[in-house]
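Enquirer: Protein sequence lines, in the order shown, are assigned to chains A and B.
Going by my numbering, the first sequence wraps up at 113, each residue one higher than the last.
Going by my numbering, the second sequence wraps up at 117, each residue one higher than the last.
Calculated from the structure, these hints are not laboratory results.
Incorrect hints may have been included.
Some chain B residues well away from chain A (every beta-carbon gap over 10 Å; in silico) [stated by the list, open to error]:
hint : residue
1    : Glu15
2    : Asp26
3    : Gln30
4    : Tyr64
5    : Ser80
Some chain A residues near chain B, calculated using beta-carbon distances under 8 Å [stated by the list, open to error]:
hint : residue
6    : Met41
7    : Tyr48
8    : Phe90
9    : Tyr103
10   : Phe104
If you only want the chain B side, here are some residues facing chain A, beta carbon under 10 Å, derived [as the list claims (entries may be wrong)]:
hint : residue
11   : Pro9
12   : Met11
13   : Gln39
14   : Glu44
15   : Ile106
Built from N, CA and C at the ideal position, the CB exists for glycine as well.
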Amino acid sequence: NAGVTQTPKFQVLKTGQSMTLQCAQDMNHNSMYWYRQDPGMGLRLIYYSASEGTTDKGEVPNGYNVSRLNKREFSLRLESAAPSQTSVYFCASRIGGVVHEQYFGPGTRLTVT
Amino acid sequence: AQKITQTQPGMFVQEKEAVTLDCTYDTSDQSYGLFWYKQPSSGEMIFLIYQGSYDEQNATEGRYSLNFQKARKSANLVISASQLGDSAMYFCAMRGDFSGGYNKLIFGAGTRLAVHP
Numbered sequence: 001n002a003g004v005t006q007t008p009k010f011q012v013l014k015t016g017q018s019m020t021l022q023c024a025q026d027m028n029h030n031s032m033y034w035y036r037q038d039p040g041m042g043l044r045l046i047y048y049s050a051s052e053g054t055t056d057k058g059e060v061p062n063g064y065n066v067s068r069l070n071k072r073e074f075s076l077r078l079e080s081a082a083p084s085q086t087s088v089y090f091c092a093s094r095i096g097g098v099v100h101e102q103y104f105g106p107g108t109r110l111t112v113t
Numbered sequence: 001a002q003k004i005t006q007t008q009p010g011m012f013v014q015e016k017e018a019v020t021l022d023c024t025y026d027t028s029d030q031s032y033g034l035f036w037y038k039q040p041s042s043g044e045m046i047f048l049i050y051q052g053s054y055d056e057q058n059a060t061e062g063r064y065s066l067n068f069q070k071a072r073k074s075a076n077l078v079i080s081a082s083q084l085g086d087s088a089m090y091f092c093a094m095r096g097d098f099s100g101g102y103n104k105l106i107f108g109a110g111t112r113l114a115v116h117p
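Chain A extracted, bound-state conformation (with noise of 0.2 Å):
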């Protein structure tokens, strides 16, 4: 049982690449989330996922875009990244219902130049 597990580590891309960010969960979960976390600050919703099928924005979903493939991966992709993107990226899932805690993948440390 991993949990919820974040690929890649660590990324650096240059002004303008794209990439996808990858989450995957094994908890059977229903609802899931991305969060940036910048330097000194808390943590803030991107985008989230309700359900299979569904997805939300967030407090700060401009410059990105999820994909919930199914129940157990919700992606985020950078189109054109940015250096304001630069953070570490936080996915989390939940099981629902009455049953409020969220746990936590890894994190993505990504630098954007």
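Knowing the structure of chain A, use the given hints to seat chain B on it.
Expert: Leaving out everything else, chain B in the frame of chain A:
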């Protein structure tokens, strides 16, 4: 607007002593919940404890307890018998009706705790 405030950028405590990390929140929702997460230097986010706004008793999980004072809108984390491994960043977070039932979380800026031997 919903907001989480953690006023202590850094705290230190002697090993085996108790420490309280402060968290205040602002919301107009009637139903909401408060979380505490730990982020060690390795970077992962570890869930510690959860308190619902309608829970009558303060939440406890092992050495962690949440001192929930609804009228004051505070949800302080108390760590008893601190250990060296407790040195980390601690984040308070809130979910509420604003999240549409989907548990979107709002995080505070965090408090860095250092446990000294």
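Enquirer: Taking the hints in turn, state whether each one holds.
Expert: Tested hints:
With a least CB separation of 27 Å from chain A, glutamate 15 of chain B remains clear of the 10 Å interface cut-off, as annotated. Every CB of chain A lies more than 10 Å from the CB of aspartate 26 of chain B, the least distance being 15 Å, so the non-interface label holds. No Cβ of chain A comes within 10 Å of the Cβ of glutamine 30 of chain B; the nearest lies about 16 Å off, and the non-interface call holds. Consistency note on tyrosine 64 of chain B: stated as away from chain A, and its beta-carbon is indeed over 10 Å from all of that chain's, at 13 Å minimum.
Under the 10 Å C-beta cut-off, the non-interface status given to serine 80 of chain B relative to chain A holds; the minimum distance is some 21 Å. The restraint placing methionine 41 of chain A at the interface with chain B holds, with a minimum CB-CB distance near 6 Å, inside the 8 Å limit. Residue-level restraint check for tyrosine 48 of chain A holds (minimum Cβ-Cβ distance to chain B is 6 Å; threshold 8 Å). Hint on phenylalanine 90 of chain A holds. Least Cβ distance to chain B is approximately 6 Å, under the 8 Å limit.
Interface restraint check: tyrosine 103 of chain A against chain B, minimum CB-CB distance 6 Å, threshold 8 Å, status holds. A hinted interface residue such as phenylalanine 104 of chain A counts as satisfied when its beta carbon comes closer than 8 Å to some beta carbon of chain B; here the least separation is about 4 Å, so the hint holds. Annotation: interface hint on proline 9 of chain B holds; nearest CB of chain A at approximately 9 Å, less than 10 Å. The criterion of a C-beta within 10 Å of any C-beta in chain A is not met by methionine 11 of chain B, whose closest approach is roughly 16 Å, and the hint is violated.
About 9 Å separates the beta-carbon of glutamine 39 of chain B from the nearest beta-carbon of chain A, less than 10 Å, and the hint is met. A distance limit of 10 Å between C-beta atoms decides the matter here; for glutamate 44 of chain B the minimum to chain A is near 5 Å, and the interface restraint holds. The interface hint given for isoleucine 106 of chain B holds, since its Cβ lies 8 Å from the closest Cβ of chain A, which is under the 10 Å cut-off.
Violated hint for the displayed structure: number 12, the only one.
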